[in-house]
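There are 2 protein chains.
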Amino acid sequence: MELQEAKDRFVQAWGTLATQWGINRTMAQIHALLMISPNPLTTEDLMAQLQISRGNVSMNLRDLMDWGLVFKELRPGERKEYFFAEKDAWKVAKQVAKERRRREIEPVIKLLDELRGVPVRAGDADSETFHATIESISRVVNLADGALDAAMKAEESLILGTLIKLLR
Amino acid sequence: MELQEAKDRFVQAWGTLATQWGINRTMAQIHALLMISPNPLTTEDLMAQLQISRGNVSMNLRDLMDWGLVFKELRPGERKEYFFAEKDAWKVAKQVAKERRRREIEPVIKLLDELRGVPVRAGDADSETFHATIESISRVVNLADGALDAAMKAEESLILGTLIKLLR
DNA sequence: ATTTAATTTCAATAATTTTTGAAAGTACAA
DNA sequence: TTGTACTTTCAAAAATTATTGAAATTAAAT
Chain A
19 MELQEAKDRF
29 VQAWGTLATQ
39 WGINRTMAQI
49 HALLMISPNP
59 LTTEDLMAQL
69 QISRGNVSMN
79 LRDLMDWGLV
89 FKELRPGERK
99 EYFFAEKDAW
109 KVAKQVAKER
119 RRREIEPVIK
129 LLDELRGVPV
139 RAGDADSETF
149 HATIESISRV
159 VNLADGALDA
169 AMKAEESLIL
179 GTLIKLLR
Chain B
19 MELQEAKDRF
29 VQAWGTLATQ
39 WGINRTMAQI
49 HALLMISPNP
59 LTTEDLMAQL
69 QISRGNVSMN
79 LRDLMDWGLV
89 FKELRPGERK
99 EYFFAEKDAW
109 KVAKQVAKER
119 RRREIEPVIK
129 LLDELRGVPV
139 RAGDADSETF
149 HATIESISRV
159 VNLADGALDA
169 AMKAEESLIL
179 GTLIKLLR
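First to last, the protein sequences are chains A and B.
Residues in the first sequence are numbered from 19 upward in steps of one, following my numbering.
Residues in the second sequence are numbered from 19 upward in steps of one, following my numbering.
Calculated from the structure, these hints are not laboratory results.
Check the hints yourself; a few may be wrong.
When chains are identical, the list treats them as one kind, so a pair holds in a single copy or across two.
[What the hints assert, rightly or not] Think about it this way: if two alpha-carbon atoms lie no more than 25 Å apart in a straight line, the pair counts; the simulated DSS-like pairs of lysine-lysine are:
| hint | residue 1 | residue 2 |
| --- | --- | --- |
| 1 | LYS105 | LYS128 |
| 2 | LYS183 | LYS171 |
| 3 | LYS128 | LYS116 |
| 4 | LYS128 | LYS90 |
Work out the full structure, taking the sequences as your base and the hints as a guide.
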C-alpha cells in the first residue's frame with residue numbers, strides 16, 4: 019500500500035468510526051488529517067484535502083478546539099491561521115473521556131440521583147422494578163464514571179499494568 | 019416527583035443520551051421502557067406508550083434482539099409476542115461492550131494492523147509522522163480493547179476493587 | 001382450505017443533521 | 001480610512017437517517 023492510500027484509508031475509516039459513536043464525520047476526518055500531518059495545516063489545506071467548504075472547515079475546527087483536540091498557531095507576519103492536533107493518542111483519549119464525562123455523564127448522574135429520590139411504593143411492582151433498575155443503572159454509571167476519572171489521571175503504562183492483573 | 023413523571027423523564031433522557039453515542043433514539047426508549055417494566059410488553063403497549071408506528075416498533079425490537087438486549091417470550095395459547103429486557107445494568111453494559119467490540123473495534127484493529135505494515139520512508143516527515151501516529155493510536159485502541167475484554171468477563175464487584183486500587 | 005390475528009417489509013415521507021456559499025465581521029497594512 | 005486577506009456566521013439546500021403505513025407474509029385456529 020502506498021503512503022497516500024494509507025492516509026486516505028485512515029481518514030476515511032476514522033470518519034466512519036466517529037459517526038458510529040455520535041461524532042460528526044467531517045470533524046473526525048479533519049482531526050485525523052491533523053493527527054497525521056507533520057506540520058500545522060491551514061483552512062485552505064483542509065478544504066482541498068477533504069473537498070469541503072470553507073464554512074464547514076471553520077465550524078468543525080471550532081468544535082475540535084472546544085473539545086481541546088486541536089489548537090491554533092499564529093505565525094508572526096502571516097494573517098492566516100495554522101491548526102495542529104495533539105498526536106499522542108493516549109492524551110487524545112483522555113481529553114475525549116474528560117469532555118464526554120463533563121458533557122454527558124455528569125447530567126445523567128444528576129438525573130439518576132433525582133430518580134433515586136422518588137419514593138418507592140412497597141408492593142407496587144411498577145414502582146419496585148423502576149427503583150431496582152434505576153439503582154442498577156446508577157451503580158454502573160458511577161462505576162464507569164469512576165473508571166474514566168481514574169483513566170484520565172493515569173499514565174498509559176500504569177493502565178496497562180492494572181489491566182494485565184485484571185486479565186489474569 | 020410522581021412515578022409516572024419519573025418514568026417519562028428516564029425514557030426521555032435515555033433516548034437523548036443514546037443519540038449522543040450513535041444509537042437510535044427510539045431504540046433506546048423502547049429498551050428503557052422494557053428495563054423498567056416488571057412484565058413483558060407487547061408491540062401494542064410500546065406503540066401506545068411511545069406514540070410510534072407498528073413498523074418502527076418492529077424494526078427497533080429486531081435491532082435490540084440482534085444486540086442481545088431484548089428477548090421474545092411466547093405464551094401458549096396466545097398469538098401475540100411479548101418482549102422483555104435484561105434488567106441488570108452491568109450485564110447490559112457487558113453485552114453492549116461485547117457487540118461494539120465485535121462490530122466496530124475489531125475492524126479498526128484490523129485496519130490499523132494493515133496500516134502499520136506500510137513501509138516507513140526514513141527521512142520523509144509525512145511518512146514518519148503517519149507511522150508514529152498510527153502506532154500511538156494502535157496502542158490505545160488495543161488497550162481499550164483489552165480493557166473492554168477484561169470488563170466483559172469480570173463481575174461488577176471485581177471491577178470496583180480494581181478501580182479503587184487504581185484510584186489510590 | 002379459509003379466516004384471523006398477528007408480524008415484517010419497504011417505498012414513500014418526514015425529520016434531523018450536515019454542508020454550502022455568500023454576506024458580514026475582523027483586523028492588519030498602507 | 002480604505003483596501004486587503006483572511007475568518008465567522010447563518011439561512012437555505014443537500015444529504016442522511018428515522019418513521020410511517022399499507023401490502024405482503026406468517027402461522028395458528030376454525
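For each hint, the structure was consulted:
When the C-alpha separation of LYS105 and LYS128 is checked against a cutoff of 25 Å, the pair qualifies only between copies, where the shortest distance is 21 Å, while the shortest distance within a copy is 34 Å. Taking the closest pair of Cα atoms, LYS183 and LYS171 come within 25 Å of each other both inside a single copy (19 Å) and across two copies (13 Å). Only within a single protomer do LYS128 and LYS116 lie at most 25 Å apart by alpha-carbon distance; the minimum there is 17 Å, versus 27 Å between protomers. For the homomeric pair LYS128 and LYS90, neither the shortest alpha-carbon distance inside one copy (34 Å) nor that between copies (33 Å) is at most 25 Å.
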